[in-house]
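Engineer: Chain A is already provided as a structure; the job is to place chains B, C and D on it using the hints.
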Amino acid sequence: MALFRRILVANRGEIALRVIRTAQEMGIETVAVYSDADRNALHVRKASHAVHLGGSKPSESYLDIGKVLDAAQRLGADAIHPGYGFLSENEDLAQACLDARIEFLGPPPAAILSMGDKVEARKIAYQAGVPLVPGLQEEIGEARLAEAAKAIGYPVMLKAAAGGGGKGIRIVSEEKGLREAFQLASAEAKSAFGDDRIYLEKFVTRPRHVEIQVMADKHGNVVYYGERECSVQRRHQKLVEESPCSVLTQELRAQMGKAACDLARKVGYVGAGTVEFLWSEGRFYFLEMNTRLQVEHPVTEMRFGVDLVKEQIRIGAGEKLLPVSEPRGHSIEVRINAEDPETFFPSLGRITRLNVPGGPGVRMDSALYRGLEVTPYYDSMLGKLIVHGEDRAHAIARCERALRELRIIGVATSVPVALRTLQSEEFRSGDYDTSILERIQKKPTQSRRELAMLAAAAARFLGAEQAGAVAAAAHPAGSLVTPRWGLIGRSERLGKGGR
Amino acid sequence: MALFRRILVANRGEIALRVIRTAQEMGIETVAVYSDADRNALHVRKASHAVHLGGSKPSESYLDIGKVLDAAQRLGADAIHPGYGFLSENEDLAQACLDARIEFLGPPPAAILSMGDKVEARKIAYQAGVPLVPGLQEEIGEARLAEAAKAIGYPVMLKAAAGGGGKGIRIVSEEKGLREAFQLASAEAKSAFGDDRIYLEKFVTRPRHVEIQVMADKHGNVVYYGERECSVQRRHQKLVEESPCSVLTQELRAQMGKAACDLARKVGYVGAGTVEFLWSEGRFYFLEMNTRLQVEHPVTEMRFGVDLVKEQIRIGAGEKLLPVSEPRGHSIEVRINAEDPETFFPSLGRITRLNVPGGPGVRMDSALYRGLEVTPYYDSMLGKLIVHGEDRAHAIARCERALRELRIIGVATSVPVALRTLQSEEFRSGDYDTSILERIQKKPTQSRRELAMLAAAAARFLGAEQAGAVAAAAHPAGSLVTPRWGLIGRSERLGKGGR
Amino acid sequence: MKYFTKLDGEERVFEFERRAGKLLARSGDRTYELNLSLVGDGSAFSLLVDGRSYDVAADVQREHVTLQIVGERFVVHCENERERAAQAVAGAKVVGKRELRASMPGIVVDVKVKCGDLFEEGQTLVVLEAMKMQNPLPAEASGKVARVLCKAGEAVAAGAVLLELE
Amino acid sequence: MKYFTKLDGEERVFEFERRAGKLLARSGDRTYELNLSLVGDGSAFSLLVDGRSYDVAADVQREHVTLQIVGERFVVHCENERERAAQAVAGAKVVGKRELRASMPGIVVDVKVKCGDLFEEGQTLVVLEAMKMQNPLPAEASGKVARVLCKAGEAVAAGAVLLELE
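Chains as they are written, first to last, in numbering that gives the first Met the number 0: chain A, 0 to 498; chain B, 0 to 498; chain C, 0 to 165; chain D, 0 to 165.
Calculated directly from the structure, the hints in this document are not laboratory data.
It is possible that part of the hints are untrue.
Each computed PhoX-like pair below joins lysine-lysine, with the alpha-carbon atoms no more than 20 Å apart [said to hold, decoys possible]: (1) B:K175 <-> C:K111; (2) D:K5 <-> A:K441; (3) C:K150 <-> C:K111; (4) D:K111 <-> A:K175; (5) A:K257 <-> A:K122; (6) D:K111 <-> A:K189; (7) C:K5 <-> B:K441; (8) A:K442 <-> D:K5; (9) C:K111 <-> B:K189; (10) D:K111 <-> D:K143; (11) B:K442 <-> C:K5; (12) A:K217 <-> A:K265.
Computed from the model, here is a short list of chain C residues facing chain B with C-beta under 10 Å [as the list claims (entries may be wrong)]: (13) K1; (14) D7; (15) E9; (16) V12; (17) S36; (18) T65; (19) E71; (20) V75; (21) N79.
Note that the coordinates shown come from a computational prediction; the quantities given were computed from them, not determined experimentally.
Backbone N, C-alpha and C fix where the C-beta goes; we use that ideal spot for every residue, glycine too.
Extracted from the complex, chain A is given alone in its bound form:
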């Protein structure tokens, strides 16, 4: 007997597929929802049912509570999994589910509301005895901006009150750029969350971003599954995550775990959540709580041998938490973003070739497929590569190996930068902070550039030979196999590309 009959997954991309996989393993049917741009997406093809929501803009599809709820009711779904992003931290959907007697696989509306408002969240954390970074615990307007920033002391950070996932964040090191940064942050916040409130806090020196995975059931039990180190970030978006964090002592880990659980209890939390901390010089400060499954949750899953989505579903059905097993080895996740590895600008296009890594200790969570069109409508994250090894050095080596096996042709990706990060002395030493990426060499070495030039010439030479062969003989004698004149040969022959 399955815990639910049918779960609607109110999301897209790799996380929708992630949830569908676990539901299938639990014998639960799934309903995918999709926008125009996602008609062929893997989550649509792998779900048991699929419902079209509307246009490609999030507001016309994945952000439309009415459409999502209507689909759930029409298809008889008895639970909704919101994934991350989109409606995952929207208390209105949580409330609507409650009213419609559909299980929302996340925390109660009140917990979403209080943790979703960064100002409110800091107040509650303060009350729960969780240490805070110095800053203003209320939203700030353009008028008082300069004065407040001066009082806290530069560098300061501008953050969206309703934010998450790094969107709407700007760091300002002097008064000069403050106003423009505020406007950009505010506009991004407005566009991403429909809420342009911004708050201000001190930017901590050499900070590391360390977060605790918590899980709470409906019977008042709260546990934590260790930490994740997420300091490798660019534009405040994480790129590489690992667990354990190499600078955390067992004592500090226990303190942070307790603080995270205390906070969860304080807001009557249910389900999976993540409490983000800044770590700096042996101390930790509360940053925010994400009231949903985190992108980097597989890092925890691989060490603890747990399926966090399965736990979410079990808890949603009223079951009790299972005991947390002993963590094993070391785990690393690399996000695969469609972006230029030097400028980090988004890279759009069609995936024309895809090779995913295999072998021991490698997990690939993505909704990539050959033929996928990467559009500007959604996040640039295409998927995640997660590895597990006996220890940190083993996990790093394995991650490097797997990243080299990964081939995505059609868009530029962040893989080369991730690879150079893993190979850097700073990362290998374990002593790094959230600005590590600024120090990572963005360009390949001289010998690799020379190899690339040789390979490019070889590619054209090979293409010319193939084209010559085609011209010479339409059907080569003695060949059992129909010749395949691939992109290289074809391009030479026609004098243009065949994307």
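Structural biologist: For chains B, C and D alone, coordinates are given in the frame of chain A:
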């Protein structure tokens, strides 16, 4: 500092890639060897160096000791990993390596020799106190055949003395088919091993095939990593393997483990080896020892969190065994063979489409790539899908999920039969034996056949519509993207296939 | 357009119609609402049947449609009206000739009969080897060997005629 | 045949020759022995350089070669002799015109200048949004806006001219 500078991998296919992956993770360079048919194989492309051996026939390439050794010496390899099959159980290569001061990553020649001869192996097992199946412990000729079979009692099994991997095995239930079976077995043995000696033994009732993974270092330490249950076989080739075995008591497991280690010690074993047992009605009998890494070794790796290839390499370099950690959860492997799912006949062709499964607890070991030509020269195994779950039910559900995600187009594969095996009551109960596959439904259900007919009609309808669209407009207006008229549309248009 | 499908001896006819933005498929007294979308290079499509989702990989070689769907593999024979009509005309011309064909590509290791030999049903006529497995090819019915078209050591393609039989 | 490659301002010339069953590539005083083999649909090839193995994915759009190799991505400019000669002739005709182009496909969220405006180096001229990120496009040098070719809310392709500058 790496343990070796450069390892030559004297094999092809998924196992060559498997070894290369671990060597890369250990910072060791690799030398691939290849035949004509394998110029584009993944093991060639992923190794640091590649050496062409010769023709596509194994005897001209992967079985040619002289060529392999010459390649190792020319490239300065200080170790050779033989994989499984080919030269992996060839004592001449082991001896030649010893003479050339190249580390053979396997047991000493004497251990290969004694365990490789099934008759000799049984004698040694008997001396080591390991229980045996009743039978003849010497090779048998065509003359004495009928008489000996009658003495042991039908059904009897004909086995190649030099055999392994199920090759050259025939079961005979009455005297009538005995002579032809002997001739076929003998011919197969000759062709596969260059040795046509055959021996005879009793065919045990409702047997299960359970094997113990052992590992021995050069310091006299021998350990075992639990068992693997390998009873799902057709034509005496394994199709599905799992660990733990559901009928093994902790006591019996310990007895089998001890017997396996005793045998390894008796022959001065070094490296990874597998002792195969028949299990029948609560008792176990020695079958044979495979003096190499086994195809199904990942089943063990996923439960014990160990990399057995890494252990082989460490041991070859003279390091000591690491302690065996506690096994966790349940693991299942499915072999992906290029064969007709109903007749088990090999299926050859070109891989035109490939989608490998991802997500939690899934590992894919294969050398498959889009464009791969499956030739008749080598084994029909294309790769392996391995899953790990919290318990047996979870692992089965996960394996089903992953198998449904796996797409290999271009050849027929054994996947549908594996899937139906996992879904069968007999497999789920855990109470099965080596003839389970004979009882598995080979054909899809009625409702699935109806779905297939609808889908086939839909495929043709879609193709006709696409072809119509092409005819109507060579360049559709307003489209940013060059239209892709895929195989379906193209086939309709040209009136022929485009494989 | 009508499509005539055949699988394992069973037949079903489907008629497709686009109406009011919907795609309907009729078979007997059943009507399905479909939503079809080609994926990637066109060797696969997403099929929604009354909202149920199926991921289909398809290799269409005119009337031979090879499918992968719900973890199964099917080779469905599927003709449209025009082809069926053409087939009906051509059908009369096909004259059955008994042959032994290679069931798979491989190497002939043994030809157990010679021209003129009589054989029984089930008797092994030729032994083929592929991927290190030897596979005896048995006679489907009793008969006589009319011509031997292969010899030991020869590589043959799948479907190659090895013997002509009477 | 000679090939002229350019990457990050560096140039190398390679000359290929097949001799005695071997493929040689010469560049300056270095000679490499190569072994090339197209893989799959031709968007990749296996490259052996003096026995060292590299797995190369390549997208060749005439002289623009996009490569994936050793975990890196390169866009190499590569011309053959013929193209280089043709380029030399055509080169004289190209007249530089200053423009602000979209660095990526996206949606224009703000045009900070209008026709005739003067601007400083580094000043934000247009703000683009893609994948929920807002990206200001700064002026590479000081100047004056000659023409505005985009407006807020408009979707633009990568490389689209947004402003003409003087």
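Engineer: Next step is simple, just say for each hint if it's right about the structure.
Structural biologist: Evaluated hints:
no. : hint              : in the structure
1   : B:K175 <-> C:K111 : holds, 18 Å
2   : D:K5 <-> A:K441   : holds, 19 Å
3   : C:K150 <-> C:K111 : holds, 10 Å
4   : D:K111 <-> A:K175 : holds, 18 Å
5   : A:K257 <-> A:K122 : holds, 18 Å
6   : D:K111 <-> A:K189 : holds, 19 Å
7   : C:K5 <-> B:K441   : holds, 18 Å
8   : A:K442 <-> D:K5   : holds, 15 Å
9   : C:K111 <-> B:K189 : holds, 19 Å
10  : D:K111 <-> D:K143 : holds, 13 Å
11  : B:K442 <-> C:K5   : holds, 15 Å
12  : A:K217 <-> A:K265 : holds, 14 Å
13  : K1                : holds, 9 Å
14  : D7                : holds, 6 Å
15  : E9                : holds, 7 Å
16  : V12               : holds, 9 Å
17  : S36               : holds, 9 Å
18  : T65               : holds, 8 Å
19  : E71               : holds, 5 Å
20  : V75               : holds, 4 Å
21  : N79               : holds, 7 Å
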